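Q: Please work from the sequences and hints to get the whole structure.
There are 4 protein chains.
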Amino acid sequence: METRVCRLYGAKDLRVETETAQPPGPGEVLVRVGAGGICGSDLHYYQDGGFGPIRVREPIILGHEAAGTVEVVGDGVAAVRAGDLVALNPSRPCGACRFCLGGQQQHCLTMRFFGSAMRRPHEQGAFRDLIVVSEGQCVPVGAGISAGEAACAEPLSVALHAVRRAGSLSGRRVLVTGSGPIGALCIAAARHAGALEVVATDPHAAALKTAAAMGAAKTVNVPNETLEAYEADKGWFDVAFECSAAASALHAAFQVTRPGGTIVQVGVTGGLPIPANLLVGKEINLVGSHRFHEEFAVATRLISERRIDVRPLISNRFPLEEALTAFETAGDRSRAMKVQLSFAGAD
Amino acid sequence: METRVCRLYGAKDLRVETETAQPPGPGEVLVRVGAGGICGSDLHYYQDGGFGPIRVREPIILGHEAAGTVEVVGDGVAAVRAGDLVALNPSRPCGACRFCLGGQQQHCLTMRFFGSAMRRPHEQGAFRDLIVVSEGQCVPVGAGISAGEAACAEPLSVALHAVRRAGSLSGRRVLVTGSGPIGALCIAAARHAGALEVVATDPHAAALKTAAAMGAAKTVNVPNETLEAYEADKGWFDVAFECSAAASALHAAFQVTRPGGTIVQVGVTGGLPIPANLLVGKEINLVGSHRFHEEFAVATRLISERRIDVRPLISNRFPLEEALTAFETAGDRSRAMKVQLSFAGAD
Amino acid sequence: METRVCRLYGAKDLRVETETAQPPGPGEVLVRVGAGGICGSDLHYYQDGGFGPIRVREPIILGHEAAGTVEVVGDGVAAVRAGDLVALNPSRPCGACRFCLGGQQQHCLTMRFFGSAMRRPHEQGAFRDLIVVSEGQCVPVGAGISAGEAACAEPLSVALHAVRRAGSLSGRRVLVTGSGPIGALCIAAARHAGALEVVATDPHAAALKTAAAMGAAKTVNVPNETLEAYEADKGWFDVAFECSAAASALHAAFQVTRPGGTIVQVGVTGGLPIPANLLVGKEINLVGSHRFHEEFAVATRLISERRIDVRPLISNRFPLEEALTAFETAGDRSRAMKVQLSFAGAD
Amino acid sequence: METRVCRLYGAKDLRVETETAQPPGPGEVLVRVGAGGICGSDLHYYQDGGFGPIRVREPIILGHEAAGTVEVVGDGVAAVRAGDLVALNPSRPCGACRFCLGGQQQHCLTMRFFGSAMRRPHEQGAFRDLIVVSEGQCVPVGAGISAGEAACAEPLSVALHAVRRAGSLSGRRVLVTGSGPIGALCIAAARHAGALEVVATDPHAAALKTAAAMGAAKTVNVPNETLEAYEADKGWFDVAFECSAAASALHAAFQVTRPGGTIVQVGVTGGLPIPANLLVGKEINLVGSHRFHEEFAVATRLISERRIDVRPLISNRFPLEEALTAFETAGDRSRAMKVQLSFAGAD
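From first to last, the protein sequence lines stand for chains A, B, C and D. The first sequence begins at 1 in our numbering and counts up one residue at a time. The second sequence begins at 1 in our numbering and counts up one residue at a time. The third sequence begins at 1 in our numbering and counts up one residue at a time. The fourth sequence begins at 1 in our numbering and counts up one residue at a time.
These are calculated hints, taken from the structure and not from any lab test. A couple of the hints might just be wrong.
A few chain C positions that, by computed beta-carbon distances, are all more than 10 Å from chain D [unchecked claim]: (1) G76; (2) G267; (3) A276; (4) E283.
Heads up, simulated EDC-like pairs for lysine to aspartate or glutamate below, C-alpha to C-alpha not over 20 Å straight-line [unchecked claim]: (5) C/K12 with C/D48; (6) B/K218 with D/E305; (7) D/K12 with D/D332; (8) A/K218 with C/E305; (9) A/K12 with A/E2; (10) D/K218 with B/E305; (11) B/K12 with B/D48; (12) C/K12 with C/E321; (13) D/K12 with D/E321; (14) C/K218 with A/E305; (15) A/K12 with A/E328; (16) A/K12 with A/E305.
Everything numeric in this text was worked out from a predicted model, so none of it was measured. Even glycine gets a Cβ: it sits at the ideal position worked out from N, Cα and C.
A: Written out as structure tokens, the structure reads:
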């Protein structure tokens with residue numbers, strides 16, 4: 001069977017090519033992809049050829065937020081069958097290294113993750129009509145849910161993992177700085193975890209509108225508006241999710257987080273200055289959050305039952321042949337939130 | 001009674017003056033100070049007139065690491081009596097604000113702390129022959145312990161609090177970056193809390209010698225030697241105590257701390273760049289540690305029983321009249337570790 | 001002003017009496033009570049004259065789940081004004097003992113708690129038309145909420161505190177054994193805190209119907225039905241809330257909670273046998289949960305915004321003059337969930 | 001090569017038999033056993049043919065506390081070589097089940113543990129002259145340490161794991177109820193983890209003498225002496241390790257543990273009554289502790305460096321041919337603490 005693939009050869013050199021899809025082997029599943037979301041890392045690969053020390057050094061099929069319909073199951077596959085809509089877990093930890101055996105699969109020493117240039121050979125991703133995955137990567141999705149929604153299971157997993165890093169949010173006051181797709185999902189995940197109130201910031205009005213739709217009780221349009229009112233008595237918020245990777249946002253989070261509170265750093269960048277006097281003086285816990293593991297099944301279920309409704313998040317959808325337009329649109333945060341590609345298996 | 005006091009009028013303007021000591025009121029105790037350690041913050045006040053936003057704005061008696069002998073007890077005092085050697089707890093939280101009622105006394109909104117220019121009027125400190133304190137600030141010290149050792153209860157409290165911020169250290173591998181007095185006490189406190197091994201860094205050979213005496217299994221003379229060998233497989237250490245406030249040390253700590261590990265920031269400075277990609281990618285917990293509360297009684301007891309022997313730490317002792325020499329010596333980290341002043345009550 | 005009070009003189013000896021209400025002093029508020037819920041402890045006092053070592057040794061006005069309308073405010077009161085509907089926090093920790101200063105106000109050494117016979121003199125409770133409370137005990141309730149709903153702030157606080165004792169519930173599988181009022185509120189609180197699924201047990205069909213209305217995904221009518229299916233592979237549930245104080249329920253919870261999981265004991269009784277081999281072999285965390293502190297404000301807000309809708313819980317309402325009928329009804333778990341008394345201030 | 005084995009055929013039916021030892025396969029090691037400690041479970045097998053639901057259903061070689069000298073290494077073995085003294089880790093989790101992949105290897109669904117009758121076929125143990133183990137089970141021991149000390153690595157691992165279950169002990173007050181071998185090692189492990197003071201109980205004077213030697217600051221000879229003095233103000237101890245499996249000891253632990261404190265249940269038995277009113281009213285955390293995983297390497301190192309000196313614990317040593325006397329002696333708690341068998345490889 002033929003499949004189109006969306007392959008990056010270097011910065012701004014993205015090509016849609018046609019090749020032959022392999023049949024699934026034992027324990028494998030051939031999936032007809034329906035939707036694939038463009039993530040910030042895809043965008044960095046496209047715009048800059050990588051980020052930080054991670055560079056595209058060989059052609060790579062991008063895409064790690066995908067869902068589709070089971071086309072053919074290989075021998076021994078029991079968990080899914082042809083016709084099932086499944087969210088695709090892009091993460092394949094080795095299951096044998098000390099991190100895998102310590103319940104920290106996201107830190108697997110030989111992690112294979114869809115569309116990642118971190119290791120060589122690069123892991124090929126899911127922006128293609130047909131893809132062969134292992135059975136365990138397929139998580140069935142409930143009836144009435146679109147492939148586009150299901151493709152949000154991956155970024156929602158990231159948000160759920162970030163929430164878990166914060167400890168219990170029941171009755172807590174939460175700040176989310178940066179209301180892009182991950183920030184917006186952190187808002188929803190924090191609300192779902194019992195946050196008493198969520199305040200969200202972003203420089204873009206459109207993003208804040210989505211933030212409100214995803215559950216923010218109040219939005220702050222930085223830098224026009226400030227968080228200064230929350231600084232009184234050493235800080236208002238119990239927990240902040242920093243999703244912008246902007247120094248100004250992290251600094252503001254330190255100002256408004258209460259002593260002993262937690263800032264979960266979700267947004268990634270290289271060097272970032274922190275106000276060490278506040279970190280120390282207020283005994284802030286600044287904790288990183290990286291990907292997810294068991295959260296993927298939870299995310300798929302929350303989307304399947306619409307206990308977290310991701311539809312307000314999906315701002316644009318382009319067929320694969322318009323991939324360049326899709327990537328350019330995704331790069332314009334004043335207009336776009338989650339931009340998705342649709343493929344042969346689209347609903 | 002007359003008392004000499006060591007009062008700072010501004011950067012480099014330190015004067016020993018004589019004035020009249022007040023008698024103790026009800027619930028108060030007049031203490032004849034024996035020894036007082038010069039802390040990094042005393043040094044900053046002396047050298048620069050303050051640090052960060054905290055400035056000496058009016059004359060201030062420095063000193064918050066002190067111990068002495070009870071001279072006179074006020075009405076109603078029961079816990080101590082004349083002749084007792086006591087460590088002086090420099091911390092007086094209000095006991096009524098939301099932080100005090102939340103078990104976070106170190107974040108008291110109206111904290112009064114010996115020799116601190118943080119609030120106005122400044123809190124006067126303990127570098128004087130005679131001082132009146134409240135009964136609750138006096139913690140009796142065991143027999144055979146010197147006032148100099150007892151005066152280390154305060155910095156040891158800081159180290160014990162830092163250790164508590166790290167969670168259980170039983171069987172853990174620990175790094176301490178910066179082996180000044182606080183770093184050296186973190187080494188001892190980590191060992192006391194069951195750390196399997198402690199590696200310590202410092203640019204000064206003398207500091208590393210003390211580090212070894214306080215319990216470091218291995219010392220690394222940065223930048224001549226590096227921690228690179230500990231970077232393999234995402235990092236060797238479970239916990240790091242960053243006591244140098246140097247960006248290079250913090251960066252190295254991020255490199256050698258394992259995924260999910262904790263870096264306790266103890267050293268204070270203003271802005272400090274962090275490798276956000278490692279914070280996030282390795283899910284490091286960077287947690288600030290600020291002063292202490294219940295740890296003061298524990299520290300005094302550990303010193304009293306010599307379960308932590310602080311004597312290797314005390315490098316120099318000067319009588320009050322040589323305060324200037326003492327401060328200059330304390331500023332030379334290649335020679336000095338903990339420099340103490342001795343007073344009228346010295347043993 | 002005259003007020004009726006519902007006073008217990010001993011087991012089964014409950015009398016409605018009339019006396020004079022005092023005016024509010026400075027910082028106090030006179031509240032016209034609207035609704036007051038009968039709690040299990042009220043019932044034990046009524047049925048048995050106490051429970052365990054706690055006995056009614058002098059006449060006591062019962063009731064600690066109450067809400068009403070501010071009638072008169074004393075000097076200096078600023079937080080509420082006449083006409084406000086307020087939930088009444090029955091808890092008055094001293095604010096000065098070591099538990100209060102450790103953020104453990106629920107363990108205050110001299111706690112004063114409405115309608116409690118734990119200490120002497122007994123604390124008088126809120127089953128009366130008019131009551132004087134301190135300003136801090138009044139938490140304003142949102143518009144459109146009934147006094148009956150607001151009176152559920154107290155038991156909801158108990159449930160929120162129990163949830164907090166369990167740590168993060170985001171994505172967790174939860175069992176609730178015993179679906180009386182507290183169990184039902186634990187279901188709602190667990191769902192609000194992000195529990196993936198909640199299974200509830202009870203011997204009474206009516207209770208299970210309420211459990212489902214409060215958010216249980218599945219109900220199990222013990223002992224006719226069992227939890228055996230959840231025992232496979234060492235247990236299905238991450239967290240259990242044991243609200244029945246029945247040995248059989250606790251035993252079942254041990255069987256179906258996974259290794260390393262947590263059982264929060266909410267129901268109180270005297271001696272209770274536990275399967276120590278499972279506690280040890282599965283490393284279960286069996287943790288007690290007692291009352292609440294900061295959760296009261298959260299509970300009032302969640303009810304005010306109907307983020308937790310307590311209306312399915314309120315099964316019966318009787319005017320004060322029918323107090324005996326109310327108590328007898330509350331004692332029949334096959335018919336009643338939360339039984340409330342209504343007073344002069346009822347809506 | 002011939003080897004003697006100590007095999008149990010049923011209660012009181014223990015036989016020393018001779019058979020042929022197999023050579024080590026690839027990745028395996030043939031060890032000449034030096035010492036093997038008799039544990040409480042060995043004793044239960046011998047005395048009663050099992051404990052609780054675990055019964056000896058087929059002949060079983062007992063023994064899971066052993067150390068010896070490497071005799072022959074199989075192909076590919078690199079970590080040890082002939083002549084090395086090694087402590088033998090009796091635990092072989094599967095490395096593939098959900099518990100192994102969650103960092104909870106001690107809960108492995110198909111755990112193989114030396115000398116355990118939990119599953120069928122029973123796992124054969126280490127009470128024999130020669131044993132073949134996998135390379136990973138051999139942990140080299142430092143110079144100057146006896147096989148007898150090294151054989152204590154297993155019970156010390158149990159104690160270290162129990163300590164880890166308690167969270168940080170730095171500066172904490174600790175109670176140990178039951179000062180048999182595991183209790184005594186909990187005392188040492190708690191002290192090593194920074195416990196401020198450890199109080200130990202036991203009905204036997206000899207055990208308390210060992211308890212003191214292992215680090216208890218105070219011993220209480222129950223029931224002649226009581227812990228009543230520690231009940232004031234809701235309890236003195238932060239943490240209790242309950243190592244006796246006696247209801248009276250657990251009850252006492254509840255009485256003297258402070259609100260919010262933790263009781264680690266280490267001793268195993270069937271049903272055990274708990275004072276549920278104290279569990280709830282004081283919000284005690286009663287947590288089970290089961291075996292160990294990563295603690296084995298730590299234990300071996302602590303013994304190797306004599307940071308925990310286990311020699312006071314070893315009360316008796318019998319050559320294998322006197323196994324019956326050894327078991328009878330081990331059963332007499334008034335005389336014996338840790339009874340060990342010595343084998344062909346004994347030092």
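Q: Next, verify each hint and record whether it holds.
A: Hints, one by one, checked against the model:
1. G76: 33 Å, holds
2. G267: Given that some Cβ of chain D is not farther than 10 Å from that of C/G267, nearest at about 8 Å, it is violated.
3. A276: Non-interface label fails for C/A276: nearest chain D Cβ at 4 Å, not farther than 10 Å.
4. E283: About 5 Å separates C/E283 from the closest Cβ of chain D, which leaves it inside 10 Å; violated.
5. C/K12 with C/D48: 8 Å, holds
6. B/K218 with D/E305: With Cα atoms ~15 Å apart, B/K218 and D/E305 stay inside 20 Å; holds.
7. D/K12 with D/D332: 15 Å, holds
8. A/K218 with C/E305: 15 Å, holds
9. A/K12 with A/E2: 25 Å, violated
10. D/K218 with B/E305: 15 Å, holds
11. B/K12 with B/D48: 8 Å, holds
12. C/K12 with C/E321: 15 Å, holds
13. D/K12 with D/E321: 15 Å, holds
14. C/K218 with A/E305: This hinted pair holds, its Cα atoms lying about 15 Å apart.
15. A/K12 with A/E328: Between A/K12 and A/E328 the Cα gap is close to 10 Å, so the pair holds against 20 Å.
16. A/K12 with A/E305: Violated: A/K12 and A/E305 sit about 38 Å apart, past 20 Å.
The structure fails hints 2, 3, 4, 9 and 16 (numbered hints given earlier, in ascending order).
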